[in-house]
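Asks: Read top to bottom, the protein sequences are chains L and V.
So for the first sequence, the working numbering puts the first residue at 1; every next one is plus one.
So for the second sequence, the working numbering puts the first residue at 1; every next one is plus one.
Don't read these hints as lab results, they were simulated from the structure.
Model, not experiment: these values are computed from the prediction.
One or more of the hints may lead you astray.
Reference excerpt, derived from the structure (chain V facing chain L, CB under 10 Å, subset only) [unchecked claim]:
id, residue
1, 78
2, 79
3, 148
4, 149
5, 274
6, 389
7, 448
8, 450
With a Cα cut of at most 25 Å, we get these calculated SDA-like pairs of lysine to any residue [claimed, not checked]:
id, chain 1, residue 1, chain 2, residue 2
9, V, 448, L, 104
10, V, 360, V, 467
11, L, 290, V, 102
12, L, 290, V, 163
13, L, 103, V, 446
14, V, 463, L, 92
15, L, 49, V, 444
16, V, 256, L, 158
17, L, 290, V, 91
18, L, 97, V, 443
Examples of chain V residues lying across from chain L (beta carbon under 8 Å, computed) [unchecked claim]:
id, residue
19, 229
20, 232
21, 243
C-beta atoms are modelled at their ideal positions from N, C-alpha and C, and glycine is treated no differently.
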Amino acid sequence: MSVRIALASLCLTAPLASAAEPVEFNRDIRPILSDNCFYCHGNDASHRKAKLRLDIREEALKKKAFAPGNAEESELIKRLASLDLEEMMPPPDSHKKLTAEQKELLKRWIAQGAKYQNHWSYETPVKAPTSTPEKAIDELVDRRLASKHLQPAAEADRRTLARRLQADLLGLPPTPEEVDAFVKDTSPDAYAKLVDRLIDSPHYGERMAIGWLDVVRFADTIGYHSDTPRNVWPYRDYVIRSFNQNKPFDRFTLEQLAGDLLPDSDREAKVGSAFNRLLLTTEEGGAQAKDYQQRMLNDRVRAVGAAWLGQTTGCAQCHDHKFDPFSQRDFYSLGAFFADIHEPDIGRREEGLLLTTPEQEKRLAELAGEVAKTKKALDVAALTLADDITAWEKELSEETQPVSAAKKTKAKAKRKDPDAKLAAQATPILKKLAAKRNAAEKLIIRDYYLSVHPEILKSERVAVATAQKTHDAYRAEIPKCLVTTKAAVVRTVRVLPRGNWMDESGVEVKAALPHYLPQPKLEGRTPDRLDLAKWLISRENPLTARVVMNRLWMQFFGTALSKNPGDLGAQGELPPNQALLDWLAVEFMDSQWDMKHMVRLIVNSDAYRRSSVASPAQTAADPYNRELGRQSPYRLDAELVRDNALAIAGLLTPQIGGPSVKPYQPERYWENLNFPTREYMADKGDSQYRRGLYVWWQRSFLHPSMLAFDAPSREESCTDRTRSNIPQQALVMLNDPTYVEASRAFAVRALAEKGDDDQRITWAWRRALQRNPDAKELGTLRKVLTERRAAYKADPAAAKELLKVGLTPPPAQADPTELAAWTHVTRVVLNLHETLTRD
Amino acid sequence: MMPSELRAALTRRAFLGKTAQGVGGVALASLLAPAAMASPGVLSRLALPQKAKRVIWLSMAGGPSHLETFDPKPKLAEMHGQPMPESFTKGQQLAQLQGQKLTCFGPQHKFAKFGRNQTEICELFPQIGSVIDDVCLIRSMTTDAINHDPAHMFMNTGSQIAGRPSMGSWVTYGLGVESEDLPGFVVLTSLGKGGQNQPIAARQWSSGFLPSKHQGVQLRSKGDPVMYLTNPPGVSRDAQGGDVDAIAALNLHRDKVVADPEVATRIAQYEMAFKMQASVPKLMDVTAEDPKTLALYGCVPGDGSFAANCLLARRLAERGVRFIQLYHKDWDHHGGIKDGIALKAAEIDRACMALITDLKQRGMLDDTLIVWAGEFGRTPMSQGGSGRDHHSKAMTVWMAGGGIKGGIVHGQTDELGYAAVDKVTTVHDLHATMLHQLGINHEAFSIKFQGLDAKLTGVEPSKPIKEIIA
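Please take these sequences and the hints and turn them into a complete structure.
Replies: Quick look at the structure:
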């Protein structure tokens, strides 16, 4: 839930430098200045007060903001202490107030010389000295722990480790047998072997994809207004495949931003370039092209800012960024990279690239041949019609003469209902002399004639129609994906005053990279999307590797090293362990952007393997575990809540990829959708039991069970999901047919086990939790079983009702009363906090 | 049901809360509050006197024409059929009419005078007219957006970018939830009979970057009133309660090993869900209402109409729900506005009067703020000879109760009703006013998001509309 929000407010007040320690600008001072002063005395020139800026030392000194070495004589300190409403800083209407500790820090900082540092994340990361790459993470973590006099927790037990690894690397629970084998494996590399096995699993890519799909805002629908579908699911599979194949992250970046421009562009790269098409679009009538052209530019700048740069670029749509050096011009210049993308401003998107397999390609060609053949046959047969058509044309021209109303009606009846489109095409041609018509025109007249004489050449025409229908039906089933193609005309991009798209007075800008970051050599050329992509993954770019590693860390520890993964700017957090983040970033680049290598390093570390149970002393010393002295327990992500239950119940269809699926959903949940109104049709068969990441992502009405567990709507790039704990989650787990059916299927499996009630309860317990229940746990579930048994015996109809939930019928031989009672036992197990928690 | 163990666990949470609060941080208050529905907001002390304890927001989705409802324009009637003077429209943002020939389109219904100040409103709304002395009309409202979806976002979140918290979320975040067994922010929707029911996305009641527990919960008149509220078939309330108890007992037992504060929260949330399963159906069941009350609203229980939702709004207000938002759709009159508006009037006129009257009779109007607003107004120019296009420069919004002056009109539009010209107000002003009545200083009510002190009222200056505050 709001842990991160709470953290956000915490960090700003936590004094970091104790009195003895030297004050450090980035750690101690910048957060105070940024949060309290930069809004009026920072980067945004148009909003700057008293022409004073405090984000640059020379500028601040020029205006005599402080006297280095002399805090008492410094204007800044005086203003902070002032009680005069005109003088005091921050001014009362800012509703900002510094704490006593913050004021003290500023005094000490000035006394120590008021030294500045460049913002940490714009500096090139370097590796702190460590012994070997394999030990680096632990050495860097342990150094911090020692400096803070914190004791690390012991390693977690093997069962917990197996569950943790499975959750983090696959998003699926281990079987009790797998856990037993791992517990019993005494070989020194037992753990590393398990890691390798999991990283090589095809489900690894699915797990890794979830976070990336949030960041790039992948969804099945357009977002605005009618929120209609579009073809993008092959991109989701591309992401899964990329992680499974361990595609280097630099290549992954190039393909997504500029897959169409790569010299070796192939179909895979083109599908990757669907990234550029994942934004929100509209089909609303009355939407203005320029308005949405601008919205789409903004959308892309925000997404690239969040996904690769960790910069809140959106702030600079209307004015220079208040806290970071990102200017309004940077905003529009970054947007100009995407001005070459071929797309409509408003309205329906195209169907996209046809993704045929070789077999499909062959079959499609055959079917097209069939269409051509039948058309040819029709053409040949139609040759005999020439005279008839001439005669009919004569009749038609007579009709246009003034005639009686009665005759007109008769003529109309004779014509049947001509195809409106054909009629429109034919009308001007009919005015020409037959001899002057070209072949295409003749064909139109012929088809027009045929359209009003359905009885003529009927069998030939049916053959054409049938062949066409077969061809089209086959084609419709072939996957398609929106991809990026370059437009012939590049859109003009201007800086929009106050972000107002109707104000065209701003200067025109060409594509350019944010001015405050290292620039590539372009030899005077205007850079394109490929240059942007190359720049993002260049060694000189200080941000990308840090941003990606920061988010990766979050997947394995619950909180990122710099805790706002979408913002590594001035208002973000200087990571408590910056050396660790920087080491990871450099190692990532040194390894040629090898994602599996980085995952391996992280999960093989001691830090990762620690127990997540916090002692009271640990909680007191480091309440949010920012120093990594232990692991953290947290609830599974929305998709994994589903996967976990289906897997435990034995219902999960493990198929990788394919079109998005539609699990059960409450009736009329889509009733507020329109243009067109839609009825949700839940999938039948195996598709009903697919993993959560394949669930149809309807932006405006995300599946309610996913929404309850904080899956983002993906209307905007999401770098950090909230993790709430709300009553809707209980309602989903207790009442959603998916979980009711899973409980029942789980109960069927339990009942198929040999043994008495206790043995079966134990079996089910182990399936979900991979440990034995203790006496109290066994007793609690035995009581549930006994009570439900008695109740369903008294009301067998109720038992039958419960068993009807879901598509999979229970085994015919099952005793309904017994199965219903057991369904409650397994339901309780699926609902346990422990079942839903990765710890 | 709750065993003493749970109480002990909650006490332990309270202890943890204290420790953590010592470290500082405003949002911790909500983070560590007892995990029942009822919980205090982050604003422990209110900056201003609280005139309104709750809000009922009547969202007229589609964009009602101010020219056929609350803004009389005799001059426009005179100009009917004549070209729209270019001085009004040059260089302006239009929606579907962009680039077309613009013709004045006179008001399609007559206006009549009501109340002690002889306020003129469309004669199709005599019931609202009968309570006009409790109503404050704001005829000078403007917005930034001109298409439905962005305009709704702007009206609800103060921003046209998805992902911002809706006002109901802001308010429950700030003021907390009073109801023990209902959510603090509830949304109801109803369809009009005219077939212009624009889509509404769930993001309109999303909590955005605020904690998810502040998201609006949609109540529906058909099917499950809340998603997944009903037990599975064949599961009695006893059986459900038994399972919830067993889950709680097992969670608590396990907590001895893991010592995770989330466990106590989880237990409390299950308990809350179980309570809601009883309280929500009770809330939805209006059969016990006095027949006179049903007649006042003119609704048939459970018909899903706007009137039925108004009655539910009163019931929610009585139960301490903080923010109640009703959407009534079908106001998008690009064509056939004459009949269309008449249909809408028939659907809402009596219900709005009934809501005001009912609350007043119960002494609740004083501390309940009612807001009636679309997402934008409509053009004084004709669209297709029988309708009006979307319009951002003028619209009428009205408020009642909650410390707002009744019987007055604030601001006005030009003589053709094209643009607000006197005492021009913005959506952010509306938000600032609403927050003001709730006791909140809109400028000081913020949360960190992307480094900024994000506010409902955005970054541009805005202010409460002081003239309408009693």
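Asks: Looking at the structure, which of the earlier hints fail to hold?
Replies: Result: hints 1 and 2 break, sorted rising.
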